[in-house]
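Enquirer: Start from chain A and add chain B according to the hints.
Chains as they are written, first to last, in the numbering used here: chain A, 1 to 894; chain B, 1 to 115.
No wet-lab data here; the hints were simulated from the structure.
Take these hints with a grain of salt, some might be off.
As the list claims (entries may be wrong) - Covered by chain A, according to a simulated footprint, are these stretches of chain B (three or more residues, beta-carbon under 8 Å): (1) 32–40; (2) 51–58; (3) 73–82.
Computed from a prediction, not measured in an experiment: that's the story for all the values here.
Idealized CB from N, CA, C, for every residue including glycine.
Residues per chain are reported as follows:
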Amino acid sequence: MSLLDGVRHRLYVLWRGEAYAREMERETRFHLDLERLSLSGTGAGEASLELAARRTFGNVTYYREETRSMTPLLWLDRVRQDLRYAARGLARAPGFTATVVLTLALGVGLNAAVFSLLDRVFVRPPAGVAAPRELRRLYMESANTAYGDSHIFPNFNYPFFRGVADAFGSVETTAYTVPDSVRPVGGGPLIRRSYVSANYFRLLGVRPTVGRVFGSEEARIETPAFVLVIGERLWRDGFGADPNIIGRHVKTGLLDFTIIGVVPDPFAGLEISAANAWAPLSAFSDGRLSSDGPPWYLGFGNYLRVIARLPNGSNEAELTAKGTAGLRAVQAPKGYASPENSKVWLGSVIAARGPAKKDSESSISLRLGAVAIIVLLIACANVANLLSMRANRRRREIAVRQALGVSRWRLYEQVIAESLLLALIGGAAAVLLGGWGGALIRNLLFPSINWAGGTFDARAVGFVAGASILAGILVGTAPAFTGSRIDIISSLRAGSLEGAYRRSTLGSILLVTQTALSVILLVGAALFVRSLAKVEGIDLGFDTPSLLFANVGVTPSQRFGAEAQPAFERAADALRRVPGVQATTLSNVPPMGGFAGTRLFRPNGDSIISADRDFPSYVSVSTNYFTTVGLRLQQGRSFTDADRKGSQPVMIVNARMAGALWPDQPAVGQCLILWKVGEPCVQVIGVVEDAHRMKIIEEPTKQFYLPLTQRPAFASPALIIRADPRRIALVVAEARRQMKLAIPEAQIIQVRTVNELIERELHPWRLGAQLFTMFGVLALVVAAIGIYSVVAYGVSRRTHEMGIRVALGARVANVIGLVVSQGMVIVGVGMAIGVAGALILGRFVASLLYGVTARDPVSLAGAIAVLTLCAVAACLVPAWRAARVDPVEALRAE
Amino acid sequence: MSSSAATDPRADLQPGTLDMLILRTLTLGSLHGYAIAQHIGRLSDGVLRVEQGSLYPALERLLNKGWVTARWGESPTKRQARYYTITRSGRKQLDEKVSSYDRVAGAIARVMGRA
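The following block holds chain B by itself, in its conformation from the complex:
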């Protein structure tokens, strides 16, 4: 039971959470999709492994909302890649999400007696 999140490659990730992770990642700078996926995977140490493909519908959603923009640019390997950049309203959104996440996470931690 307790290990299912780590072993199941389709670990349950709410769409909102993925959005938050993407936005957080993009605060580092403009990145293409593969780099975003790598970054999320690396930071979460594999715990939050998601199917990489699910990134793209999430990015499309963020594009529609105007929280990120995308343009084609040249990658270090001289190939054309699509680079995503966080916008100002994207940053604002991230701040709100982070603070509400903090509140919920803090509450859970307190209930679990770990605070």
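Only chain A is shown next, with the shape it has when bound in the complex:
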């Protein structure tokens, strides 16, 4: 088979390249020897014979190279050659190279960072878990939510969990709490501890490397078992990989835990926030201080997250129905309102994907992804523009190369090689930037999440590589398209050193795209910034910047309550003398820190508790509470020392409650019965302005206030301090010291500002504003570079024309006007498209906004104004250059 002969020959050359080179040498030698022999009759000398033979043969090296160039490996050589050529070209244009690499690195690096974030939150199942596909997260839908926006949530209380778990039958479920952070008494590693069911590790398929995990010993919820399983990393980093770790004690608060086992990395629980230690559910407590009432596992505190392992082929619908029936069966006898509306849902084990309303951080992650892709598109458009202008500038060079016989495909290859090289350098820069940016985004913007695992993994690097190669090809094809289709003759003949000027349509399209995308991002930024401003501007009622509070954390065995009050009063008195402290007071909960509830009746016995969210709640306060926190009394009087235990019970209601209960008559002088009919009627002595209860964004609620003397705090009271905002840090330290002096037995003393409490709620808004502003500015800068380079390129092409205009008497203003207006026409088209896009895309962010609509005219106008300013500035620089063209120079340059 002669076809095979060819293949065999190529393979031979490929395989035995060295030997074949020697063969060719022998062959040439043989040839030259014979030639010399045939010439030897002429009687010339040896040396001249050899020369003559070589002359007949031709250039030996040239022919050998030509032969060698046919070897099948040639393409590798060609790639190397292309890359070397591209590298030389890029090195000659460092400014261009730097701009492109930086633009790509920003675009791609940002994408990598965001991708690793999305990957972590939405894609990757919890690490170290066996067969995560079989796992489902359980959600509870309930109509009886007193407050909060969500009606489907991932939290269960113990009785409901048991009801569902029993109904699931053979399908096993396990429950755990979201990890808390504690430090052992006497110092030690930070422990992020989750309380879990006894079957937790077995169900997840996590086996201990040392010791044991929980078993039937820890299964009884009624019998607290203070044992601890720790993660491998905690064992290594926190306990120095102690081989005798089993049996070591870890004391947190008043509880003494014994370590019984170590589980291997990378298991860190099932939440995004990592756990490194696990205790049995029986050791859990809800932080209650008094022993009144039933234990937590009989109460309605929704502390538990629930996971089920479904064997293959399970019928999820049937299981959901069973669980729902189980849930309702538990709810009904407990007097739970409308259990017929309750339902159990199954969702992915990945928390962010669940059927529950997405929490704001994961919804921000999703939009972040969209924004990152927009930035990548802008970056690509910009780079394509730069490359295509570069190709245009090199028309003459390309025409010469084409005239010298370089094939069109080869030119195409070289243009692509250049873009790929740029993309690879950009990709490398992006990996650095992405690793750094990812860590930045996670630590700076999502501080509340303790990330399990690294910040930048192999998948993100793969994504970067893929994205940069794709970007390279995208970016390479555009200029290759214009670059390799060059009319040789006209380019060479055009006379002007740079070839004929033709306005680049592609460049204009790319510029329009960039401008449009920038407008979208800028509008987004403006919307978020304005939302943040609106949220920050909400009047909470309290003077939040001046307020801080102190309270003590205690463990179940510590009995605290009404008897703690004198100690708090001592601390309050001492603090009042500290410089910077303006006032102190006590209440049962800190401002924005919660509320208490009770049943309410009118004097005639009518219940006025309502099932809707606006149920009346109360705060117990001491006499100077209102002046301290900054709430104005609207009618009546405040509490005085005369309102003691045993005197006439009194209350102060807020404006909303007064208006709702007694719309037609003054509230002062009315009376209400608390807790149960038969109790003495509590007299309303004043009306105070409305204040927010727990959240920045909440509807006004009915609230009333009782004197602490008549209604002591259920748990430890809070010491509220009004301080000079400039001296907060000092006051915090002093408050901590005074609390320690007043209550020496307190294990945990917490001193926080009220702003810290609300910061958590402000965070998503701040995050949105920061991210969108960051990306908006980034897009603006990239777009400005794009506008500048397109206009500057146009001007450099038209030096000749500008020279003629100036020679004919055009003034500076005329030339500048011409250049700027031509640039702005393109920008204007882009802005129009961008505004349309922003209006269309607005609804995707509408749910994240507050106080502004997605079509907010102020935001739109602001974005357009900022972009117009930048675009005019970007046009002015080259326009100025054009206006200063020396007509003589320009015309002579021919």
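Expert: Just chain B now, kept in the frame of chain A:
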């Protein structure tokens, strides 16, 4: 002008033409490179003189295409030489080239009024 082909040692020879000449030469039997060069030079009476070295890239091309094969053998002077042999697909190729060459040459001759 008219004599340039004869006097210029690098007379313009299209690569395809050289291939055709080599294949034609090899129909005589297995030959080494020097013999092929001599044969082409002798037959064309010096008109088609090419640099002998250009033969080898052409032979390599033919080897890659599978139209000729090469193996080392002993020359009459007892030296090792590389002998080229035309293959079956090489012969087929030659036939096609010759017929298309005939067509073109005939056409040119007719245009020049010599047919």
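Enquirer: Does each hint hold? Answer for all of them.
Expert: Going through the hints against the structure:
no. : hint  : result
1   : 32–40 : holds (count 4)
2   : 51–58 : holds (count 6)
3   : 73–82 : holds (count 5)
The structure is consistent with each of the numbered hints, conforming to all of them.
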